[in-house]
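Q: Residues 68 to 239 (the numbering used here) make up the sequence shown, in order.
Simulated from the structure, these hints should not be mistaken for laboratory data.
The reader is advised that the hints may include incorrect statements.
[Stated by the list, open to error] Dumping the calculated DSS-like pairs for lysine-lysine here, alpha-carbon to alpha-carbon at most 25 angstroms: (1) LYS103 / LYS173; (2) LYS151 / LYS96; (3) LYS90 / LYS103; (4) LYS151 / LYS173.
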Amino acid sequence: YRENAELEASLAQALSRLSGIEKEEEQVKKTLEVAKRAADQIVSEFQNPEMQAVVDANIGEVSMLMGNIDSAEVYISRADNYFKDNSFSEQMFNFLSLKADLLLRKGDIAGAHSIFKSIAAYPPNRPQYNELYHRRLERYFLMVGDYRRAYDNLVQATAWSDSIKNTTDANL
């Protein structure tokens, strides 16, 4: 009887936590919708196509991280319409690695590989983009079974993350 009572208590606690997580997830979704509308309104006032592309890419990335691959694809595709005609943009390095990450999450390893190869033409210009790039490459190498290179990219991503945190902490 005692084991059942403990099991029931654990189950009730787990269900309560799950309910809390579901409520938080719903709140995140609502917040994302508000943020999308606000970003669209702000960007439309500036009438800056690159800014719109960056906002679309960011919304696509958040959607992708939330598991909404279809929504992510819509926003990243909208951003791609700008970037494919403006390859000089300083945002290209990050955008291409984001696009490769989306392809990985859709299971298109060959497409992601092709994009990762093309990224070399665009120098990274921000530490956080380097971190994201190496995290995305880590995922790619894990998917293709090259665990040594996945580990190397994990180490590089961690180093970039540490450098960003150290710089931020030094400025506080």
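Q: Each hint: holds or not?
A: Taking the hints in turn, this is what the structure says about them:
1. LYS103 / LYS173: Measuring from Cα to Cα gives roughly 23 angstroms; hence the hint holds.
2. LYS151 / LYS96: With a Cα-Cα distance of about 29 angstroms, the restraint between LYS151 and LYS96 is violated, given a limit of 25 angstroms.
3. LYS90 / LYS103: Answer holds: LYS90 to LYS103 is near 20 angstroms, not above 25 angstroms.
4. LYS151 / LYS173: 21 angstroms, holds
Going through the hint list in order, the structure does not satisfy hint 2, though it satisfies all others.
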